[in-house]
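There are 2 protein chains.
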Amino acid sequence: MRLGEFQKILDDQGIDACVFLDTDPNIPYFAGIELERCILIVPSESEPVFIVSRLEAERVLNNSRVKNAESFERSYERESLLAKHLKGSKVIGINKDCITTRDYEALQAIGRGFIFADVSDSVSSLRQIKTPEEAEKIRESCRLTDRIIEKCISSFDFKTELEVKNFLEFEAIKLGSRPSFDTIAASGKNASMPHYSGNGKIETGFCVIDFGIRHNGYCSDLSRTIYIGNPSKKERELYELVKKSQQAAIDSARDGITAEELDSIARNALGEHKNAFIHGLGHHIGIQVHDSGFRISPGSKGVLKEGMFITIEPGIYQ
Amino acid sequence: MRLGEFQKILDDQGIDACVFLDTDPNIPYFAGIELERCILIVPSESEPVFIVSRLEAERVLNNSRVKNAESFERSYERESLLAKHLKGSKVIGINKDCITTRDYEALQAIGRGFIFADVSDSVSSLRQIKTPEEAEKIRESCRLTDRIIEKCISSFDFKTELEVKNFLEFEAIKLGSRPSFDTIAASGKNASMPHYSGNGKIETGFCVIDFGIRHNGYCSDLSRTIYIGNPSKKERELYELVKKSQQAAIDSARDGITAEELDSIARNALGEHKNAFIHGLGHHIGIQVHDSGFRISPGSKGVLKEGMFITIEPGIYQ
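Residue numbers (my numbering), protein chains in the order written: chain A, 1 to 318; chain B, 1 to 318.
Since the hints were made in silico from the structure, they are not lab data.
Hints may be right or wrong, so weigh each one.
Pairs involving identical chains hold if they fit within one copy or between any two copies, as the list cannot separate such chains.
[Claimed, not checked] Okay, derived cross-link-like pairs now, DSBU-like style, lysine-lysine, Cα gap no bigger than 35 Å in a straight line:
no., residue 1, residue 2
1, 201, 8
2, 96, 233
3, 8, 96
4, 151, 87
5, 233, 189
6, 67, 159
Because the structure is a prediction, the values reported are computed rather than measured.
Sequences and hints are given; from them, build the entire structure.
What follows is the structure, encoded as C-alpha cells:
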C-alpha cells in the first residue's frame with residue numbers, strides 16, 4: 001500500500017533508504033506478504049528490495065507486491081546483502097517501535113557513518129488513513145465475521161465457553177482465515193472480565209463474545225453481548241444503555257473530533273455506570289487488530305480523520 | 001521455569017535486575033502466561049514482579065507463576081511503575097534479541113546511571129535444556145500431533161490442500177490448542193517447496209504435511225510425507241532414502257555431538273541427492289516452535305547436550 005507516498009515522505013525528510021525487518025507489520029503493509037525472516041529496503045528514489053531466505057524466494061515472486069528480491073542461503077549472508085543495498089546511503093530510516101536492539105546494533109556496525117532517523121510516526125500516520133482497497137478488505141473481513149457470529153447466535157446450543165470459541169474459530173479457518181486475536185466467550189460472572197480466558201459452563205445471564213478474523217491480511221474485531229435465559233428489566237436496561245453509548249459514539253465519529261472527545265461521549269452516555277467502563281473506547285484496525293495509531297481513550301491526543309477505521313466498543317463490567 | 005537458576009546467573013554476572021517486555025518469549029517461559037502488554041522484572045535477589053494492564057490483573061492472579069503483580073490503568077503509568085521497581089538497581093539485564101529500540105531508549109531515559117547487560121545468551125543457554133516438566137509437555141504436544149496426523153492420513157479423502165490444512169487445524173482447536181506455525185499441505189509439484197503456501201488440488205504423487213501445535217504452552221513440529229496413488233520404484237527409493245537419513249541423524253543425536261556434525265550425517269546419508277536438501281536439518285523446540293538456541297545446520301557452532309529437544313527434518317526437494 002502507498003509505497004510511492006512513503007517514498008515521497010522519505011525524500012522530504014532527507015532519508016536515503018528505510019529498513020524494515022522480520023515481523024515489522026509494515027512489511028505486509030507495503031509488500032502484501034508475511035515472511036519468516038526477511039528485510040525490506042525502501043529507498044527514497046529507487047525500487048524497493050526484499051532480502052529473503054532462499055526458501056521464501058518463490059513465494060515472494062508469486063505473492064509479493066515487491067518483486068525485486070535477493071535471497072540468501074545462510075543467515076550470515078543476510079547482512080552482507082543488506083550492506084550491499086545500503087551502499088551509498090547515508091541517512092537510514094528505521095522503525096523504532098519494531099526494530100530490536102540487536103538488529104539496530106547490527107545496522108550501526110554495517111555503516112559506521114550512518115545517521116538514523118525514526119520513521120515510526122510517519123509510517124503510522126500513513127497507515128491510519130486506509131486506501132479504498134484496504135477499506136474494502138476491512139469491510140469484507142467485518143462482513144464475514146458478522147455472518148459467523150450471526151450463525152453462532154442463531155443456533156446457540158453450546159454447553160461450554162470453549163464450544164462457542166471452537167465454533168467461531170472453525171468458521172474462520174473454513175474461510176482460510178485465522179482469528180485476529182484470542183477469541184473470548186465469557187458467560188455468567190466471567191462476562192465481567194474484559195480479557196477473560198477460560199472454559200466455564202454456559203450459564204444463565206449475559207454472555208460476551210469478542211471475536212475477529214484476519215482475512216486477506218485485514219482484521220475485524222467484533223463484540224456481541226447475548227443473554228442466556230430471560231433477562232430481567234434491569235438487565236435489559238443495562239444492555240440498552242451500552243447500545244445507546246455505542247450508538248452515540250458512532251453518530252459522533254466524524255472528521256475533526258478528537259479521540260478523547262469521542263471516548264468521553266460514549267463514557268458519559270453510560271451515566272452512573274461509567275466507572276464500570278474500565279478500558280478505552282477503541283483502537284485503529286487494519287493489517288493489525290490493534291493497528292498503528294492512537295487509542296480512542298481518555299487522554300489520547302489523536303484526531304479522527306476521514307478514511308480511518310476504528311473500533312467502538314463500550315462496555316459495563318460489573 | 002528455572003527462575004531460581006536464572007536469578008543465580010544474574011547474581012553471578014552482577015546484574016541487579018532483568019527486564020523483559022511484551023512479546024518476549026521469556027515471559028511465558030518464566031511466568032507461564034502470555035499477556036498483551038506487560039513487563040516482567042526479575043531481580044537477582046528478590047521476588048519477580050509483573051507490571052500489567054488492569055484488564056489482565058485477574059488472569060495473572062489465576063494463571064501466572066509470578067503472582068506478584070502491579071497493574072496500571074493508563075499506559076503512561078507503566079513507566080513510572082517500572083522506574084519504581086528499578087530504584088536502587090544499577091546494572092540492568094535486557095534481552096537484546098527482543099527489546100525494541102523504543103523500549104531500550106525508554107529504559108535508558110528512566111535511569112540515566114543504568115548500565116545495561118545483554119542476557120540473551122544466558123537465557124538462551126538456560127532454555128535449551130528442558131526441565132522434566134517441560135520435556136513432558138513437549139512429548140504430550142508431539143503425541144497429540146502424531147495422533148491428529150494419523151487420523152488425517154488414515155481417512156485421507158481430501159480434494160484440496162486447504163481441506164487437509166483445515167482438518168488438521170480443526171483438530172488442534174478441538175484440543176484447545178493452536179497451530180504452532182502456518183500448516184503446510186503441499187501436493188504434487190508443490191511438495192518440492194519447503195515453505196509452500198497455497199491451495200492446489202490434491203494430485204497424484206508425494207504430499208508433504210508439515211504441521212505442529214502449541215499445547216499447554218509447548219510446541220510440536222511434525223512432517224509426514226505420504227503418497228497419493230501408487231509410487232514408482234524410484235519414488236519408493238527416494239522416500240526410503242529420506243527416512244534413512246532421518247534415522248541416521250536420530251541414531252547419532254547424542255550428548256557431545258556438534259550440530260554441524262549431526263546435520264552432515266543426515267546430509268551425507270542422502271548421497272547424490274544431498275544438494276536437493278536445501279535447508280538446515282532442524283532447530284530447538286519448546287515454548288517457541290523455533291526455540292531459543294542454535295540451528296542444526298551447516299556452519300552451526302552448537303553442541304548437543306542431554307535435555308535438549310530438537311527437530312530432525314531432512315528432505316529432498318526436487
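Taking the hints in turn, this is what the structure says about them:
no. : hint      : verdict
1   : 201 / 8   : neither (55 Å within a copy, 43 Å between copies)
2   : 96 / 233  : neither (51 Å within a copy, 56 Å between copies)
3   : 8 / 96    : both (20 Å within a copy, 32 Å between copies)
4   : 151 / 87  : neither (56 Å within a copy, 53 Å between copies)
5   : 233 / 189 : within (18 Å within a copy, 63 Å between copies)
6   : 67 / 159  : between (49 Å within a copy, 31 Å between copies)
Comparing the model with each numbered hint stated earlier shows that hints 1, 2, 4 do not hold.
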